[in-house]
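Enquirer: In full-length UniProt numbering, the protein residues as written are 1 to 333.
Careful, some of the hints might be misleading.
Cut-off 20 Å, straight-line C-alpha distance, at most; resulting in silico cross-link-like pairs (SDA-like, lysine to any residue) [to be verified]:
(1) Lys184 - Val196
(2) Lys78 - Leu153
(3) Lys134 - Thr146
(4) Lys184 - Val258
(5) Lys8 - Phe24
(6) Lys78 - Leu20
(7) Lys78 - Leu89
(8) Lys8 - Phe310
(9) Lys78 - Pro152
(10) Lys78 - Ile149
(11) Lys78 - Glu133
(12) Lys78 - Pro194
(13) Lys78 - Lys8
(14) Lys78 - Phe147
(15) Lys78 - Asp143
(16) Lys8 - Ser180
(17) Lys78 - Leu131
(18) Lys78 - Phe231
(19) Lys316 - Ile306
(20) Lys184 - Pro194
(21) Lys78 - Arg230
(22) Lys78 - Val92
(23) Lys184 - Leu204
(24) Lys8 - Asn312
(25) Lys78 - Tyr140
Derived Cβ-Cβ restraints for the label pairs, each shown as a range [unchecked claim]:
(26) Arg154 - Cys21: 33 to 41 Å
(27) Arg29 - Pro181: 41 to 49 Å
(28) Asn179 - Tyr103: 47 to 55 Å
Hints listed in this document are in silico derivations from the structure and should not be mistaken for laboratory results. Where is the CB? At the ideal position from N, CA and C, for every residue including glycine.
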Amino acid sequence: MIQTMDRKNMLYGLIFVALLCIPFVTDSRTLLIMFTQIFLFGIFAMSYDILLGYTGIVSFGHAMFFGIGAYSTGILMKQIDSTIPVLLLAIVLAAVLSGLVSYLLGILSLRLKSHFYAMLTLAFSGLFLVLAEKWRSVTYGNDGFTFSIPDPLRDRMTLYFIALITMALVFLLLNRFTNSPLGKVLQAIRENEPRVESLGYNVLHYKVIASVVAGVFASVAGSLYVLTLRFVNTSVLAVEVSLDALLMTIIGGVGTLVGAIIGAGLIEFAHHWLTGLAKVHWIFERWLIFFGILYILVVMFFPQGIVGTFRNWREKRSVRNKKVIEEKKNISG
1 MIQTMDRKNM LYGLIFVALL CIPFVTDSRT LLIMFTQIFL FGIFAMSYDI LLGYTGIVSF
61 GHAMFFGIGA YSTGILMKQI DSTIPVLLLA IVLAAVLSGL VSYLLGILSL RLKSHFYAML
121 TLAFSGLFLV LAEKWRSVTY GNDGFTFSIP DPLRDRMTLY FIALITMALV FLLLNRFTNS
181 PLGKVLQAIR ENEPRVESLG YNVLHYKVIA SVVAGVFASV AGSLYVLTLR FVNTSVLAVE
241 VSLDALLMTI IGGVGTLVGA IIGAGLIEFA HHWLTGLAKV HWIFERWLIF FGILYILVVM
301 FFPQGIVGTF RNWREKRSVR NKKVIEEKKN ISG
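Please build the complete structure, drawing on both the sequences and the hints.
Expert: Given below as structure tokens:
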């Protein structure tokens, strides 16, 4: 077990070093932008995986926290100043606001079960979307607004490294969180909530904690995402953003933080690749159709997600190898 963990950590370290080297081996602006978005949506997908994969909570309103981070950062940078201290203040305030909203939403609605909670989160997300559309004096409605960012962040390579390092730190923090005793309780709730409740645990309390953690990290992803665009509008609060997080988690493998990152990478690469093919032939202008087909194929051949399917295959192979070794011992004995 220890050797397996060591090999896994070494693999993660090698991948991280390889990603650090990418800007030095290519000067492609498009590639840097794509990888930067993969890292940021990887953070967003990991935050959603805390809900779906580790606690068994389905949410259709996770874009609400992504949007809170995006708008808080954009508004403060535009209204106050485009400096590093203001940026850090915006990220912290967005995280606090997201934590507060997710706490209140959790207290009010996490007593509901399954699809009832999912639909309620969709309704709350819709309220924030309407607020962003109507409060034009601050948000500029559907038109959105541009804003300046600190001079050191104008370089795409700098944003790339910030996104990569932030994703790695979030992965380490959430990995620690999910492997802690609290994280084990969340996984127990996912597997059998009545049993956990019968053991004396306050299930609502643990669900609210998961909701707050997910909301805070989703806001961090939103704050960094708008820095890459220098623009924010109501699209960051659209239900499609929540569905993207859901797809990233399912495709990569629920309950696997690495799977969330892989899912984010596959979806962002598919977006980039399929939209690029639109220049080749007009049929690819309907790239959403091909994206849907790609998603169906992944679900058919990897029903537990890419990482989940790989883990099951490895476990089955390990069990089969043990049986072979035992049979050989019995024969030789």
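Enquirer: If a hint holds in the structure, say so; if it doesn't, say that too.
Expert: Status of the hints after comparison with the structure:
1. Lys184 - Val196: 11 Å, holds
2. Lys78 - Leu153: 15 Å, holds
3. Lys134 - Thr146: Between Lys134 and Thr146 the Cα gap is close to 18 Å, so the pair holds against 20 Å.
4. Lys184 - Val258: 18 Å, holds
5. Lys8 - Phe24: 26 Å, violated
6. Lys78 - Leu20: Distance of about 31 Å is beyond 20 Å: violated.
7. Lys78 - Leu89: 13 Å, holds
8. Lys8 - Phe310: Holds, because 14 Å separates the two Cα atoms, which is no more than 20 Å.
9. Lys78 - Pro152: 17 Å, holds
10. Lys78 - Ile149: 9 Å, holds
11. Lys78 - Glu133: 18 Å, holds
12. Lys78 - Pro194: Since the Cα atoms of Lys78 and Pro194 sit roughly 49 Å apart, the hinted pair is violated (cutoff 20 Å).
13. Lys78 - Lys8: 43 Å, violated
14. Lys78 - Phe147: 5 Å, holds
15. Lys78 - Asp143: Satisfied, since the Cα-Cα distance of roughly 15 Å is no more than 20 Å.
16. Lys8 - Ser180: 18 Å, holds
17. Lys78 - Leu131: Holds. Lys78 to Leu131 sits at ~19 Å (cutoff 20 Å).
18. Lys78 - Phe231: 10 Å, holds
19. Lys316 - Ile306: OK: Lys316 and Ile306 at ~16 Å, within 20 Å.
20. Lys184 - Pro194: 15 Å, holds
21. Lys78 - Arg230: Between Lys78 and Arg230 the Cα gap is close to 10 Å, so the pair holds against 20 Å.
22. Lys78 - Val92: With a Cα-Cα distance of about 17 Å, the restraint between Lys78 and Val92 holds, given a limit of 20 Å.
23. Lys184 - Leu204: 15 Å, holds
24. Lys8 - Asn312: Answer holds: Lys8 to Asn312 is near 16 Å, not above 20 Å.
25. Lys78 - Tyr140: 12 Å, holds
26. Arg154 - Cys21: 33 to 41 Å: 22 Å, violated
27. Arg29 - Pro181: 41 to 49 Å: Given a distance of about 45 Å, which is inside 41 to 49 Å, the answer is holds.
28. Asn179 - Tyr103: 47 to 55 Å: 24 Å, violated
Hint compliance for this structure: hints 5, 6, 12, 13, 26 and 28 are not met, and every other hint is.
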